[in-house]
Amino acid sequence: MSAEQRKSGAFKFIFWTFLAVLLLFYAWHSYSSGQMINWYYWEAAADGYAVNANTFKEATKEKPVILEIGPHAEITGLQAVPVKKGERLPIGCNGIISKKELEEGKRVKLEDDRIVVMVPMQVKEAKGFKYKDTYKHKGIKTNPWSGAWNVAWVLALGVCLGYSAEGFTDLFGLKLKKIEHYGH
Amino acid sequence: MFDFAIAGVQSPFMLLVLTGFTVGIVGGFIGVGGGYMVTPALIVFGFPGYMASGIDMTHIAGKSVIATVRHRQMGNIDWVLGLAMVGGTMLGVELGVRLLNWAKKLGIAGILLLTCSVVVMLCLFIYTQIETQKAHKKIEKDAEAGITAGREVMVSGIPRFFQSIPLYPIVRCRTARLVISMWVIVLVGICTGTLAGFLGVGGGFVRVPALVYVIGATTHIAVGTDLLEIAVSGGYGAMRHTQMGNVDMIAVMFMIVGAMVGAQFGSIATSFVRGPAIRYILSYSLILATVGACLRLVYMLTGQKYEVLSFFAVVFTLGEMFFLCFFIVSLVVFAVRYRHGKSVPAWIPALVVKD
Numbered sequence: 001m002s003a004e005q006r007k008s009g010a011f012k013f014i015f016w017t018f019l020a021v022l023l024l025f026y027a028w029h030s031y032s033s034g035q036m037i038n039w040y041y042w043e044a045a046a047d048g049y050a051v052n053a054n055t056f057k058e059a060t061k062e063k064p065v066i067l068e069i070g071p072h073a074e075i076t077g078l079q080a081v082p083v084k085k086g087e088r089l090p091i092g093c094n095g096i097i098s099k100k101e102l103e104e105g106k107r108v109k110l111e112d113d114r115i116v117v118m119v120p121m122q123v124k125e126a127k128g129f130k131y132k133d134t135y136k137h138k139g140i141k142t143n144p145w146s147g148a149w150n151v152a153w154v155l156a157l158g159v160c161l162g163y164s165a166e167g168f169t170d171l172f173g174l175k176l177k178k179i180e181h182y183g184h
Numbered sequence: 001m002f003d004f005a006i007a008g009v010q011s012p013f014m015l016l017v018l019t020g021f022t023v024g025i026v027g028g029f030i031g032v033g034g035g036y037m038v039t040p041a042l043i044v045f046g047f048p049g050y051m052a053s054g055i056d057m058t059h060i061a062g063k064s065v066i067a068t069v070r071h072r073q074m075g076n077i078d079w080v081l082g083l084a085m086v087g088g089t090m091l092g093v094e095l096g097v098r099l100l101n102w103a104k105k106l107g108i109a110g111i112l113l114l115t116c117s118v119v120v121m122l123c124l125f126i127y128t129q130i131e132t133q134k135a136h137k138k139i140e141k142d143a144e145a146g147i148t149a150g151r152e153v154m155v156s157g158i159p160r161f162f163q164s165i166p167l168y169p170i171v172r173c174r175t176a177r178l179v180i181s182m183w184v185i186v187l188v189g190i191c192t193g194t195l196a197g198f199l200g201v202g203g204g205f206v207r208v209p210a211l212v213y214v215i216g217a218t219t220h221i222a223v224g225t226d227l228l229e230i231a232v233s234g235g236y237g238a239m240r241h242t243q244m245g246n247v248d249m250i251a252v253m254f255m256i257v258g259a260m261v262g263a264q265f266g267s268i269a270t271s272f273v274r275g276p277a278i279r280y281i282l283s284y285s286l287i288l289a290t291v292g293a294c295l296r297l298v299y300m301l302t303g304q305k306y307e308v309l310s311f312f313a314v315v316f317t318l319g320e321m322f323f324l325c326f327f328i329v330s331l332v333v334f335a336v337r338y339r340h341g342k343s344v345p346a347w348i349p350a351l352v353v354k355d
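Quick note, the sequences are listed as chains A and B, same order. Under our numbering, the first residue of the first sequence is numbered 1, with each subsequent residue one higher. Under our numbering, the first residue of the second sequence is numbered 1, with each subsequent residue one higher.
Looking at chain A on its own, in the form it has when it is part of the complex (with noise of 0.2 Å):
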């Protein structure tokens, strides 16, 4: 392989890694910023109470788990916010206690001015194999461009990562040839 072939896999790999590496460091920085999460708990997709499942996940019938409704800007513990569907949500949500549910009064119950949580999780089954279900990502709707913004990211990170490869293999003198599909 030419000493040019090798300064253009060269340039092509530092090109495609720079590339690549913004694109990392955007999504890590949309994460610890919290622009990731913001986007995800994006708006109520049904009428009920906004809530951190996180705060009442020991709960038990036994032991139920009190919380306090209240018009919150952020939800920082023990606390449910009203929302209607379409609403944004709270900071500090993370999963919508239905009305729909609090009415069947199964797994939570409405009391006065407070939710009182005694069934925090169940187990379901998807393809065969049992999860976790809770109260977690429950009625909650994603912004509706993190879709097609995400898929953008991943697929132009597919290309930059494909790309550098390739100008990995070429600088060390491994540049691939077209396989000879037909023939002897």
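Where hints are given, some of them may not hold.
[To be verified] Here are the simulated EDC-like cross-link-like pairs (lysine to aspartate or glutamate), alpha carbons at most 16 Å apart as the crow flies:
1. A:Lys-85 to A:Asp-47
2. A:Lys-141 to A:Glu-87
3. A:Lys-100 to A:Glu-111
4. A:Lys-124 to B:Glu-307
5. B:Lys-354 to A:Glu-180
6. A:Lys-84 to A:Asp-47
Hints listed in this document are in silico derivations from the structure and should not be mistaken for laboratory results.
Based on the hints, put chain B in the right spot on chain A.
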């Protein structure tokens, strides 16, 4: 331990990198997304079922792009064939999803899905295994007669029938050296897409055999072209999953980092082998997945009484990833030894190429 805030799971991130790596090797080599292996693995790591499907589908889209870039460099992609198939695949996926919703309404989705998986994979395994063994024997016979086999040897006569269907428009696929009715390509896309949509997977394990045995592409081109297809359909699936809140992007990021290395190895490994070697690995992956699905089916049919069945289904599915990786790595090691004139098992020369 890494705290995946969106998924609400604490899990070692290296497990995700390792899973991405192993499935990357298998996917880059046989042209599948590997959803049937990754989803159970993620559930074992503690991710909820719906999250496991979403993360899997999104990582498959990224991984397929990485592998597609490499297969393009090696000339394994027929763009005309791939793009002609995309429309049919998307239509098929939509049909499959609707079929699944209909089954869900009837309350038979779980059992129907597993039964369908078992039947399809078992039939594909049997046909692929028989055909590949015949091709393997043909290469060995030719070698005894002093004839060196080419990169691809296939003994199936089915593609000739489909290529002779005179329905216009007829398309010319230059890389795959095929002249075939556009309708056959679209129909294959619809059928494989329907199965993929219904089973909730990328569909590579059905599409690669269909590209080889129905359309008549060489195995290498089928693998590369299928990965292009998976990148498109996987991208659409990933978008839908993200909108439904089934994706933790940080988990996807760790898996793609692992897949980057694995997909490179898997893709480059195809240049060391003949078509039948890829088909062997594909058929073994099919039978192993069939056994895993069978165990889950029996578990469900027995009223989920025997937890041991579910446990073995998980162990089997995870073991499959490592077994296939080991097989692919062994093939490459033997191919390199064969190139350097060192001793290799008797069955190796027919499956690998010398230069």
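Each hint tested on the structure:
| no. | hint | in the structure |
| --- | --- | --- |
| 1 | A:Lys-85 to A:Asp-47 | holds (5 Å) |
| 2 | A:Lys-141 to A:Glu-87 | holds (10 Å) |
| 3 | A:Lys-100 to A:Glu-111 | holds (15 Å) |
| 4 | A:Lys-124 to B:Glu-307 | holds (14 Å) |
| 5 | B:Lys-354 to A:Glu-180 | holds (12 Å) |
| 6 | A:Lys-84 to A:Asp-47 | holds (4 Å) |
No hint from the list above goes unmet by this structure.
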